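Undergrad: Take these sequences, add in the hints, and give me the full structure.
Number of protein chains: 2
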Amino acid sequence: MTKMKNIIVVGGDGFCGWPTALHLSGQGHNITIVDNMSRREIDAKMGADSLTPIASMEDRLLAWKEKTGLTIKFEKIDVAREFDRIRELMAAVKPDTIIHFGEQRAAPYSMKGVSEKRYTVDNNISGTHNLLAASVELGLDAHFVHLGTMGVYGYDDDGIEIPEGYLPVYIPGDDKKIFQRHILYPTNPGSVYHMTKSMDQLLFQFYAKNDQMRITDLHQGIVWGTQTNETRLDERLINRFDYDGDYGTVLNRFLMQAVVGHPLTVHGTGGQTRAFIHIQDTVKCLALAVANPPVRDGKVAIMNQMTETHTVRELAKLVSETSGAKIANVDNPRNEAAENDLRVSNKTFISLGLKPVTLAEGLMDETQHIAAKYAGRCIRKMIPCVSTWTDNQRPGVIDPENSRAA
Amino acid sequence: MTKMKNIIVVGGDGFCGWPTALHLSGQGHNITIVDNMSRREIDAKMGADSLTPIASMEDRLLAWKEKTGLTIKFEKIDVAREFDRIRELMAAVKPDTIIHFGEQRAAPYSMKGVSEKRYTVDNNISGTHNLLAASVELGLDAHFVHLGTMGVYGYDDDGIEIPEGYLPVYIPGDDKKIFQRHILYPTNPGSVYHMTKSMDQLLFQFYAKNDQMRITDLHQGIVWGTQTNETRLDERLINRFDYDGDYGTVLNRFLMQAVVGHPLTVHGTGGQTRAFIHIQDTVKCLALAVANPPVRDGKVAIMNQMTETHTVRELAKLVSETSGAKIANVDNPRNEAAENDLRVSNKTFISLGLKPVTLAEGLMDETQHIAAKYAGRCIRKMIPCVSTWTDNQRPGVIDPENSRAA
Numbered sequence: 114m115t116k117m118k119n120i121i122v123v124g125g126d127g128f129c130g131w132p133t134a135l136h137l138s139g140q141g142h143n144i145t146i147v148d149n150m151s152r153r154e155i156d157a158k159m160g161a162d163s164l165t166p167i168a169s170m171e172d173r174l175l176a177w178k179e180k181t182g183l184t185i186k187f188e189k190i191d192v193a194r195e196f197d198r199i200r201e202l203m204a205a206v207k208p209d210t211i212i213h214f215g216e217q218r219a220a221p222y223s224m225k226g227v228s229e230k231r232y233t234v235d236n237n238i239s240g241t242h243n244l245l246a247a248s249v250e251l252g253l254d255a256h257f258v259h260l261g262t263m264g265v266y267g268y269d270d271d272g273i274e275i276p277e278g279y280l281p282v283y284i285p286g287d288d289k290k291i292f293q294r295h296i297l298y299p300t301n302p303g304s305v306y307h308m309t310k311s312m313d314q315l316l317f318q319f320y321a322k323n324d325q326m327r328i329t330d331l332h333q334g335i336v337w338g339t340q341t342n343e344t345r346l347d348e349r350l351i352n353r354f355d356y357d358g359d360y361g362t363v364l365n366r367f368l369m370q371a372v373v374g375h376p377l378t379v380h381g382t383g384g385q386t387r388a389f390i391h392i393q394d395t396v397k398c399l400a401l402a403v404a405n406p407p408v409r410d411g412k413v414a415i416m417n418q419m420t421e422t423h424t425v426r427e428l429a430k431l432v433s434e435t436s437g438a439k440i441a442n443v444d445n446p447r448n449e450a451a452e453n454d455l456r457v458s459n460k461t462f463i464s465l466g467l468k469p470v471t472l473a474e475g476l477m478d479e480t481q482h483i484a485a486k487y488a489g490r491c492i493r494k495m496i497p498c499v500s501t502w503t504d505n506q507r508p509g510v511i512d513p514e515n516s517r518a519a
Numbered sequence: 114m115t116k117m118k119n120i121i122v123v124g125g126d127g128f129c130g131w132p133t134a135l136h137l138s139g140q141g142h143n144i145t146i147v148d149n150m151s152r153r154e155i156d157a158k159m160g161a162d163s164l165t166p167i168a169s170m171e172d173r174l175l176a177w178k179e180k181t182g183l184t185i186k187f188e189k190i191d192v193a194r195e196f197d198r199i200r201e202l203m204a205a206v207k208p209d210t211i212i213h214f215g216e217q218r219a220a221p222y223s224m225k226g227v228s229e230k231r232y233t234v235d236n237n238i239s240g241t242h243n244l245l246a247a248s249v250e251l252g253l254d255a256h257f258v259h260l261g262t263m264g265v266y267g268y269d270d271d272g273i274e275i276p277e278g279y280l281p282v283y284i285p286g287d288d289k290k291i292f293q294r295h296i297l298y299p300t301n302p303g304s305v306y307h308m309t310k311s312m313d314q315l316l317f318q319f320y321a322k323n324d325q326m327r328i329t330d331l332h333q334g335i336v337w338g339t340q341t342n343e344t345r346l347d348e349r350l351i352n353r354f355d356y357d358g359d360y361g362t363v364l365n366r367f368l369m370q371a372v373v374g375h376p377l378t379v380h381g382t383g384g385q386t387r388a389f390i391h392i393q394d395t396v397k398c399l400a401l402a403v404a405n406p407p408v409r410d411g412k413v414a415i416m417n418q419m420t421e422t423h424t425v426r427e428l429a430k431l432v433s434e435t436s437g438a439k440i441a442n443v444d445n446p447r448n449e450a451a452e453n454d455l456r457v458s459n460k461t462f463i464s465l466g467l468k469p470v471t472l473a474e475g476l477m478d479e480t481q482h483i484a485a486k487y488a489g490r491c492i493r494k495m496i497p498c499v500s501t502w503t504d505n506q507r508p509g510v511i512d513p514e515n516s517r518a519a
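Chains as they are written, first to last, in this note's numbering: chain A, 114 to 519; chain B, 114 to 519.
I should point out that these hints are in silico values taken from the structure, not numbers from a laboratory.
For clarity, every value in this text was computed on a predicted model and none was experimentally measured.
One thing to keep in mind: the hints can contain errors.
Since the list can't tell identical chains apart, any single copy or any two copies may satisfy a pair.
Unchecked claim - The calculated lysine-lysine pairs, modelled on DSS-like cross-linking and capped at a C-alpha distance of 30 Å, are: (1) Lys207 - Lys178; (2) Lys290 - Lys412; (3) Lys460 - Lys290; (4) Lys486 - Lys290; (5) Lys460 - Lys289.
TA: Take a look at the structure:
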C-alpha cells in the first residue's frame with residue numbers, strides 16, 4: 114500500500130509530466146497539476162503540433178475521471194512569473210512532494226536565437242528558484258523532485274563512467290599531501306537548455322545545505338515512446354508525440370520519419386552515444402523517487418534516469434532495417450564531438466526495483482504504430498532541424514533530401 | 114601608452130563601479146556608464162544611506178568633466194529588465210570591453226527574505242545572461258569582464274590553497290587507471306548572492322565554449338577603504354561608504370563603529386578567515402584585466418582579486434587597539450563554520466604588476482578619517498545585522514549592546 118501524498122506536479126501538461134501525473138493519481142496520490150500551457154503555445158508559434166491529437170486539459174481530466182473515478186486538480190499558473198499565485202497554491206495544498214517538470218526542455222529551441230536563449234534562462238531559473246524560495250518561506254517540508262538531464266554531465270569521453278551526480282576526486286596539495294573530496298560532477302552542458310539544468314544543480318545544492326530541504330534531481334536520458342499504461346486507457350488521455358526539429362527526440366523522430374517516407378536525418382556521423390529511457394520507465398522512476406525521499410543530510414540526492422545507451426547511428430540502422438527507410442547524414446547543427454563513448458551508472462533506480470523496458474522488447478512497434486496511425490497529421494516542413502548552435506554554422510535550413518548521402 | 118578602448122561599465126554608480134569608471138576614464142578610455150540606480154533605491158527602501166554624501170550621477174559626471182576635462186557618458190538602463198535598450202546601446206557603442214558590476218552584491222540582503230532572494234537571483238542571472246546573449250547576437254567581439262567573488266569557492270578548510278578558478282584533480286577509473294582533469298573549482302556558495310555568482314560561472318563557461326567569447330571573471334575578496342586617486346579629486350566625486358548590516362563590509366563597519374562609539378560587532382567567535390583588498394587595488398586590478406584580455410581558447414580566465422587574508426577577530430583587535438573601541442561578540446546570523454583557515458593564490462595579478470596596498474600601510478587612517486568626518490550622518494539603527502540565514506536562526510534584531518561580552 115502506497116501512503117497517499119499531496120503532490121503538486123509542475124509542468125503536468127507536458128510529455129513527461131502528463132503521464133507521471135496520471136500514474137501517481139492511479140497509485141492513490143492526491144494530484145494537483147500546475148502548468149502555464151507554454152508547450153502548446155510554443156508549438157502554435159512555431160507552426161508545429163504534437164503528431165498525436167492531444168486533448169485540452171479539461172477533456173484530459175474529464176476522461177481520467179470517467180475511466181478511473183479519480184480526480185486530478187489543475188491550476189494554470191506560470192511559476193516563473195506568477196510567484197504570488199504559486200505561493201498561495203502551495204500554502205493551500207501543503208504538498209508532501211513537489212515534482213518540477215516546468216522548464217523549457219528543448220536544446221535546439223534554446224539555441225534558436227536570442228529570444229529563445231533568454232526565455233529558457235529566465236523561465237527555467239526563475240521558475241525553479243521561485244518554487245524553492247516559496248517552500249522555505251512557507252516552512253513546507255515538501256520533498257522536491259526535479260527532472261534534470263544527462264546533458265549536465267557533458268560527453269567528455271575520457272573513459273570515466275558517469276556516476277550519479279557526485280565524483281570522488283583526489284587533489285594534490287602542499288608537502289605532497291593528497292586530499293580527497295566528493296564533488297558535484299563538473300558540469301559541461303552543450304546548450305543553453307542544458308546549462309540551465311546545470312545552474313539548477315547549484316540552486317539545489319544551496320537550498321539543501323542552507324535550509325535542509327530534501328531534494329531529488331533526476332538526470333534523465335533521451336525519452337522515447339509515447340504511451341504508458343494510463344495514457345492508453347482512452348484516446349483523450351493520449352500523450353504528446355513531438356517530431357519537429359526542435360522538440361522531437363531522436364528515436365521518435367526516426368520512427369515517424371520512416372512512417373511518412375522521409376529519410377532518417379542523422380546529424381553528422383551519428384557517432385554520438387546517448388542515454389535512453391522509455392516513457393513508461395520515466396513514470397516508474399518518478400514514482401520510485403516520490404516513494405523514496407532522501408534523508409535530510411544537506412545533500413541533494415542525484416539519480417541517473419536512463420536504462421540503455423546507443424549511438425544515433427545504431428538507432429538509425431535499427432529503424433532503417435525494420436522499415437526500409439533511407440538514412441541521410443546531414444550537417445550537425447550542434448557544437449559537439451562527432452563521436453563519443455558513454456558509460457553511465459543507474460544503480461539507484463535498479464536497486465529500487467526498476468525493471469527497464471528495452472528497445473529490443475517490442476515497444477518500438479507501438480511507437481511505430483502510433484506514428485503510422487497519425488501520419489496524416491504530420492507537417493513535413495517541421496521535420497528538419499533548423500536551430501544551429503553558433504552563428505558561423507547557420508547554413509539555412511538543413512534539407513536532408515539535398516544532403517550528402519549516407 | 115594605453116590603447117583607447119570603448120568600454121561599457123555596467124553598475125558604474127556602485128562602490129566598485131564608480132571608482133573603476135573614473136580610473137579607466139583617466140587612462141584615456143571612452144567610458145559609458147550603465148546603471149539602473151538600484152543601489153540607491155535599495156538604500157532608500159531600507160532607510161539606509163551611504164555614510165559619505167554621494168552626489169547625483171549628473172553632478173558626479175559634471176565634477177569629473179570640470180576637474181579633468183574628460184567626458185563619461187551615462188545611460189540609466191536596467192540590464193535585467195530592459196533587454197532591447199541595453200542591446201541598442203551595445204550596438205551603438207560597439208564596446209571593446211564590457212565590465213559587469215551590475216549585480217545585487219550583498220550576501221545579507223540576499224538572505225533577508227523571499228523577495229530579496231528572488232530579486233537577487235532574477236536580477237543577477239537575467240542581467241548577466243542578457244549581456245552575454247546580446248553580445249553574441251550582435252556579433253560583438255567585446256572582452257567581457259565580470260566581478261565575481263571569493264565566496265564562490267566556499268571555505269572548505271581541508272588544507273587546499275584556493276587556486277585561480279580551476280583545480281587539477283585525479284579521478285580513479287576502471288582497471289586502477291587514474292584520469293586527470295582540470296576542472297572548474299567545485300563551488301560551495303554560502304548565500305543566495307554568492308550562489309548567483311557561482312551560477313554566473315556556468316553562464317561564462319558555456320558562452321566561452323560555445324561562442325568563443327573572451328571572458329574574465331574576477332573573484333574578489335572583501336573590499337575595504339573608500340577613496341581612490343580619482344574620487345579624491347573633488348568632494349562631488351566621493352565614493353559611497355556602506356556601514357549598515359546588509360551592505361557594509363566588515364572592516365569599514367568596524368572603523369565606522371569605532372568612530373561613533375558603537376561596539377565592534379563580531380559575528381560568533383570572529384574566527385572566520387576572509388580575503389581582503391583595498392578599493393584602490395580593485396580599480397588597479399580592473400585596469401589590468403581590461404588591458405590583458407584572455408586568448409580565445411574557449412575557456413574563461415579566472416583571477417583572484419584579493420591581496421591579504423585576515424580573521425575577523427584580528428581586524429576587530431586591530432581597530433580596537435588603535436581606537437579604544439570595545440568588541441562585542443554577537444550571534445552569527447550566517448550559516449557558516451565558526452573558524453576556518455584560508456590560503457588563496459593571487460599570482461596572476463601579482464605577475465601583471467599589481468603592488469598591493471596592505472592594511473599595515475596607513476590607508477586605514479584615511480578610512481577612519483572619512484568615517485569621522487561624516488559620523489554625523491550615521492543612522493545608528495542601521496548598524497546591527499538583522500538578516501539571518503535560516504528561519505530557525507531568526508532571533509529578532511541582534512543587539513550588540515545586549516549580547517555576551519567579548
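Undergrad: The structure should be examined with respect to each hint, and the outcome stated for every one.
TA: Hints, verified against the model:
In the homo-oligomer, the alpha carbons of Lys207 and Lys178 lie at most 30 Å apart inside one protomer (23 Å), although the nearest pairing across protomers, at 59 Å, exceeds that limit. With identical chains, the CA atoms of Lys290 and Lys412 are at most 30 Å apart both within one copy (27 Å) and between copies (28 Å). Taking the shortest alpha-carbon separations for Lys460 and Lys290, only the inter-copy value of 22 Å comes in at or below 30 Å, while the best intra-copy value is 32 Å. Taking the shortest alpha-carbon separations for Lys486 and Lys290, neither the intra-copy value of 65 Å nor the inter-copy value of 51 Å comes in at or below 30 Å.
In this assembly of identical chains, the alpha carbons of Lys460 and Lys289 lie at most 30 Å apart only when taken from different copies (21 Å versus 35 Å within one copy).
Checked against the numbered hints given earlier, this structure breaks only hint 4.
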